[in-house]
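Q: This is what each chain is made of:
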Amino acid sequence: MSATEPLLRVEELRVEFPTEDGVVHAVDGITYQVHAGRTLGIVGESGSGKTVSSLTTLGLTRRQGARISGRILFEGQDLVILPEERLRAIRGNDIAMVFQDPLSSLHPLYKVGKQLIEAVQAHRDVSKATARNRAIELLGLVGIPDPSRRVDQYPHEFSGGMRQRVMIAMALANEPKLLIADEPTTALDVTVQAAILGLMERLQRELGMAIVIITHDLGVVAEMADDIAVMYAGRIVETASAARVFANPEHPYTWGLLRSIPRLDRPRDEDLVPIPGTPPSLINPPSGCHFHPRCPYAEPEHSRIDPALEPVPDESSHHVACLLEPARRRELWAQLREGGTPEQALAAVGPLETSS
Amino acid sequence: MIRYIIRRVLIGAVILVIVCALTFVFFRILPTGNPALLRAGRDPQPRLIKEIEGVLGLGKPLPVQFWDYLKEFLFHFNLGYSYYSQESVKSLIVERLPPTLSLTLGAAVLWVIAGMSVGIISALRRHSFLDRFSMGSALVLLSVPEFWLGLVFLLLFANDIGKFKILPGAGSYVGLTYDPWKWFTSMIMPWIVLAAGSAAIYARLMRSSLSETMREDYIRTARAKGLRERAVVRQGVRSAINPIVTLLGLEIGVLLGGAILVETVFNIPGIGRLSYQSIQSADFPVIQGTVLLASAFIILANIVVDVVYAYLDPRVRYS
Chain A
1 MSATEPLLRV
11 EELRVEFPTE
21 DGVVHAVDGI
31 TYQVHAGRTL
41 GIVGESGSGK
51 TVSSLTTLGL
61 TRRQGARISG
71 RILFEGQDLV
81 ILPEERLRAI
91 RGNDIAMVFQ
101 DPLSSLHPLY
111 KVGKQLIEAV
121 QAHRDVSKAT
131 ARNRAIELLG
141 LVGIPDPSRR
151 VDQYPHEFSG
161 GMRQRVMIAM
171 ALANEPKLLI
181 ADEPTTALDV
191 TVQAAILGLM
201 ERLQRELGMA
211 IVIITHDLGV
221 VAEMADDIAV
231 MYAGRIVETA
241 SAARVFANPE
251 HPYTWGLLRS
261 IPRLDRPRDE
271 DLVPIPGTPP
281 SLINPPSGCH
291 FHPRCPYAEP
301 EHSRIDPALE
311 PVPDESSHHV
321 ACLLEPARRR
331 ELWAQLREGG
341 TPEQALAAVG
351 PLETSS
Chain B
1001 MIRYIIRRVL
1011 IGAVILVIVC
1021 ALTFVFFRIL
1031 PTGNPALLRA
1041 GRDPQPRLIK
1051 EIEGVLGLGK
1061 PLPVQFWDYL
1071 KEFLFHFNLG
1081 YSYYSQESVK
1091 SLIVERLPPT
1101 LSLTLGAAVL
1111 WVIAGMSVGI
1121 ISALRRHSFL
1131 DRFSMGSALV
1141 LLSVPEFWLG
1151 LVFLLLFAND
1161 IGKFKILPGA
1171 GSYVGLTYDP
1181 WKWFTSMIMP
1191 WIVLAAGSAA
1201 IYARLMRSSL
1211 SETMREDYIR
1221 TARAKGLRER
1231 AVVRQGVRSA
1241 INPIVTLLGL
1251 EIGVLLGGAI
1261 LVETVFNIPG
1271 IGRLSYQSIQ
1281 SADFPVIQGT
1291 VLLASAFIIL
1301 ANIVVDVVYA
1311 YLDPRVRYS
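These protein sequences, in sequence, are chains A and B.
For the first sequence, my numbering begins at 1 and goes up steadily by one.
For the second sequence, my numbering begins at 1001 and goes up steadily by one.
Calculated directly from the structure, the hints in this document are not laboratory data.
Keep in mind the model is a prediction, meaning the values are calculated, not measured.
Using N, Cα and C, we set each Cβ at its ideal position, and we do this for glycine too.
Please note that the accuracy of each hint is not assured.
According to the in silico footprint, chain A covers these stretches of chain B (three or more CB under 8 angstroms from chain A) [as the list claims (entries may be wrong)]:
| no. | region |
| --- | --- |
| 1 | 1212-1224 |
| 2 | 1229-1240 |
Taking CB as the label site, the calculated pair distances span [said to hold, decoys possible]:
| no. | chain 1 | residue 1 | chain 2 | residue 2 | range |
| --- | --- | --- | --- | --- | --- |
| 3 | A | Gly208 | B | Ala1231 | 25 to 33 angstroms |
| 4 | B | Met1001 | A | Gly65 | 44 to 52 angstroms |
| 5 | A | Ser303 | B | Leu1247 | 51 to 59 angstroms |
| 6 | B | Asn1267 | A | Arg62 | 54 to 62 angstroms |
Here are the simulated lysine to any residue pairs, SDA-like style, with alpha carbons at most 20 angstroms apart [as the list claims (entries may be wrong)]:
| no. | chain 1 | residue 1 | chain 2 | residue 2 |
| --- | --- | --- | --- | --- |
| 7 | A | Lys111 | B | Ile1219 |
| 8 | A | Lys114 | B | Arg1234 |
| 9 | B | Lys1090 | B | Ala1296 |
| 10 | B | Lys1163 | B | Phe1147 |
| 11 | A | Lys111 | B | Arg1220 |
| 12 | A | Lys111 | B | Ile1241 |
| 13 | B | Lys1182 | B | Gly1106 |
| 14 | A | Lys114 | B | Glu1229 |
| 15 | A | Lys114 | B | Val1232 |
| 16 | A | Lys114 | A | Glu157 |
Let's have the full structure, built from the sequences with the hints guiding it.
A: In structure tokens:
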């Protein structure tokens, strides 16, 4: 971790949407930071608040009637309270975003060239011809063959992967310092996924921007991220360097995520272990630890106590919000890592000593 | 595209012949009144009726009559002669078309501008007072019959019977080329009355269409690019106008066949009044001509709408 001030620092961010059914606590007090040139992976199931937190960074949840509190510090400015016009000058300029579905995210009735030119001209006072040349240059940069011809085509004339390249080109139009990529590869074929991730890594090296990559796919973050934040029900439940999360995960939810993906270094007949249950309601989240209804290791009082995100004993940059004893957590993970099921792990570690 | 249009025009021609046959049969079989009887004077001799039927060509069997008519129409572009005035139907139509064109196109400009602006404002300020007020007024305008609204306008503003004598009243139509200013002032009330109901429909359609497109992902992208809200809205409107264009084309097509109620209330000598009069006097050739004209406009409007649609939406391709 560098000692310098991070590029983006999110502090105690809360985003709530009042609805007819009650208040949706989409983001429930999260804190994270991204340093210049680094990549943060935000991992979680759909509905865990990862997209809402990023849209809020760009000020895009304001007009949906969201109640926002906390701070989002970008180069020292608090984006939560920044006036709309100043925020607009940052959107697409210093912070850009790539969305999940490139087909629905591009305007179907405008040529991609026009959409790129718009992105350039939104922040630069340049002629249309200059902006058009920039558009062609950008299409070339993201690896679209024959960019001077493709610039005059419509989005429906591009394949899925090529469309996502267009989205990335659009995001890069003004050389942002921070790129937020929300599930950038989820709608794409696996082979195209790898190409898009490779492209983002190359562009990050060339342009030196920071990336926040939002995904439900641990495979994606394993490839891209320096740091990982795991979100569950609007909260960050674990955050650490990517290497640390894969080697020594501390939260039972992270274990579940890791055990639910196939791995090449495990026996092929080993069963994948899905996380039981469904994501919780964000209107009435479970009491105590939000994960306790789905946690195989939960103890009775976990439904009453709310865990805080705290450093683990031997690594101050690794934080976890879990009520299990650290020693017990590590014993359980040791069992799981060997391929045991949660039940086997619990049996091996033994019941909780309540005498202490 | 060219081939598509040619095919559509050919299909349109076939439809016209079918329409022709149907009107031919309807007006001769259904009890619309016998034209010969209407012309024979009071208490006529049966022989006189037969004689007049002979003159009008009604004595021959129906299929022969139809064939004669079709032959004249297809090979000489002759629509026959009015039973009533002996004028050629073609020249009657040519004479009556300009007022209907003036009325329809002027009203269309009015309702498109009014309906779209109200719809856009309502969509962007949903559930505001302004939105509720405009949508409420739209509902009222939609529910009001045209002829009633027309009479109310005449009673309020006509310079003969009105309370405020500020606009020319019924029967004041003059040709555009004859006196442009008089033409314009005489059309103001008919335009407003004809446009009112449509403006309401367009406002509601625009509101729902734009509210929908403003929720699209690409609008979020436009905002994320840092575009000004004006530019973002323009992108939404660009998508939202497609259904409006469809409706507009078809509606103009229908109205060019004659806005019967408004033309009658304001006594405008257009196609609508011509059809109304010809039906009253069982003037078969004129009825036939106006119905054919109306169907031709509707068929044409459909083709135009399809072509414009392909231009508006690059994803649409006709093969």
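Q: Identify every previously stated hint that the structure contradicts and give their numbers, smallest first.
A: Of the numbered hints given earlier, the structure breaks none, since each of them holds.
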